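Protein sequence lines, in the order shown, are assigned to chains A and B. When we follow our numbering, the leftmost residue of the first sequence carries the number 4, and every step to the right adds one. When we follow our numbering, the leftmost residue of the second sequence carries the number 40, and every step to the right adds one.
Hints may be right or wrong, so weigh each one.
[Unchecked claim] Examples of chain B residues toward chain A, derived with CB under 7 angstroms:
{"#": "1", "residue": "134"}
{"#": "2", "residue": "142"}
{"#": "3", "residue": "180"}
{"#": "4", "residue": "183"}
These are computed hints drawn from the structure, not numbers from a lab. Because the structure is a prediction, the values reported are computed rather than measured. Here a beta-carbon is modelled for each residue, glycine too, at the ideal position from N, C-alpha and C.
Residues per chain, in single letters:
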Amino acid sequence: MMSFILRRLIQTLIVIGALSFFCFYLMSLMPGDPVDMMISSNPNMTSEDVSRLRELYGLDQPVYKRYLNWVSTLAQGDLGYSRTYRVPVTEILGPRLWNTFILSGLSLIFSLLVAIPLGVFAALNQGKKLDYFINFFAFAGISLPSFWLAIVLILIFAVQIPLFPASGTMSVGTDMTSFEGFFDRIKYLILPTLSLSFMSIGSFVRFTRSSMLEAMRNDYIRTARAKGLSRSRVLIVHGFRNALLPLITVVALSFSSLFSGAVITETVFAYQGVGQLVLASIQSNDFNVAMVSFMISVSMVLTMNLVADLLYGVADPRITYV
Amino acid sequence: MSEPLLQVEGLETTFFTKAGALKALDGVSYTIHRGEVLGIVGESGCGKSVTSYSLMGLLDHPGKVTGGRALLNGVDLLSLTEEEYQKVRAKKIAMIFQEPMTALNPVLTIGQQIDEQLFQHTDLTPAQARKHSIEMLAKVGIPSPEERYSNYPHQLSGGMRQRAMIAMALALGPEFLIADEPTTALDVTIQAQILELFQSLQKEMGMTVQFITHDLGVISEISDRVMVMYAGRSAELAPTEELFRSPRHPYTASLVRSIPVLGQRVDRLPTIEGVVPSLMERPDGCAFQNRCPYQTAECAQAVPPFTELSPGHFVACFHPLEAK
Ligand SMILES: Nc1ncnc2c1ncn2[C@@H]1O[C@H](COP(=O)(O)OP(=O)(O)OP(=O)(O)O)[C@@H](O)[C@H]1O
Ligand SMILES: [Mg+2]
């Protein structure tokens, strides 16, 4: 088990390394480096100034050398400066990352709480009205664009019935550590969470339904019933417990896609998350911010993959790690 | 002869499929006496499993019992509600299934799967349940039962899994056991071991058993009486020795005739000229008529009633063979 985790971690690091170089290289191909920007903002700059600056930033070196430099500063815990905001990357990225993490985590939990019972109910009422109704709802969730849902939610719950704020992350000047501060955050989180959740609810419902149906078709369900177990025990311990296995991977992987998919929701709700920041940093050639955010998304996907594998191993005794 | 434990009369089970109603069982009748083993044979698809599921209330979704009675100790099983059935299953009737590979839940240990029914039906504490389960595992000849108790099904061989299934079925000491081809999925040497175990347990516990199989050799070894089924109906029912010596139904006769040596095992029932009619288009009258050498006009007119030709020997045929 430990050696499996170790091996997977090493694999993961190698993949992250390779991808980061690839991305570094792509970014270096983008037209315009910081010095070009300085030139355009300062017409008095001489060509000596330019080459001096290039040398200073190390921009005259080949890509692989610049990459190695970047990695070595990264390894020392220095993520560099944001060129746009002129503050260390950690300072700008940290709170943003946390905000997005809260939003996507909350949305994942909410989606599961709604979707799993719905999926199970649909499976148990296969072919009946309830099943069709839930399926319709799930398809709607999958196919409605999330920005549209976000706007509808704002129109209804912020404009027509002003229950929640239409946009923002928190009220200005609230003390985050206090009780009111906490509720203030929740108030701002509800609409974005809802709009981000619809799509994953839709797909989780579909997955739960189909894997529950699959599980209930197994012979061991009949065995369980033959033992005189109560209906709920047959459904939960024998049916659902097995239906959970294929769900684990789907859910773990969807966390990372929720994380990156939050960008649209964050934009519509003007929520101070990382998605918005990444977009802006790429557009404005804010190299360090873009690279770090990219590294975070990649690590997230790979980590969730690893988590899925580990959870799967815990849930399914047939899987052993060698 | 002792009083019957189970009396099945005119059992009728229908699958309401999209393509139409499919009468999987259309008149199955038999009795099983206390302490007796009744063998049921018949070709694949003739309704052996559906008969068992009907008794246990375990029919899959579009299937419903549409007629008949099944009295266990005078109580009609077919009229029980699901809640009442839950109290009967495992305690009064238990069942062993054909496929030990798929009939056990892969994510629960053997122990958990035996224990859970003890918790459901008795007031045993976890420690007592564990003790009882391990005793049951030992009883069915599983070596190092403590260890096996915490194993998952995939860690056991097919034969061991089937033993565990048997331990599970016997855990609450049911008075009636249905074994649905418990050895078919196993290889021959294991089959013989399981069969032997089965016989000794049956004698020891004085259990009443309905034993389903394809295998005439197994049937002749294990059962006191045999019922032959054909296309969802009872065709013939007689004491084992008499059935093999003097089959009266033409179908049984052709089955018996095609056994190379009596007592030798065959994996599948020997093949007979012609095809089994599909249940959708079961002809009027006798279902066997198209393959029967003795067929007359009468056979196409009415279903031959299942009648007692000589004491204890039932046949559903208008032209039964002479008794030998
Ligand atoms: N779920 C179902 N839906 C529709 N028809 C079914 C269903 N289950 C069984 N049947 C019908 O019932 C008939 C009897 O099936 P059953 O499983 O009892 O056969 P069997 O005698 O046990 O055969 P085998 O020896 O292969 O196990 C089949 O021919 C099939 O047409
Ligand atoms: Mg069967």
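Now the hints, each set against the structure:
Here the hint on residue 134(B) is kept, as its CB sits about 5 angstroms from the closest CB of chain A, short of 7 angstroms. The closest approach between the C-beta of residue 142(B) and any C-beta of chain A is roughly 5 angstroms, which is under the 7 angstroms cut-off, so the hint is satisfied. Using the Cβ-Cβ criterion of 7 angstroms, the hint placing residue 180(B) at the interface with chain A is not satisfied: the shortest such distance is roughly 21 angstroms. Restraint check, residue 183(B) versus chain A: the minimum CB separation of about 18 angstroms is more than 7 angstroms; hint violated.
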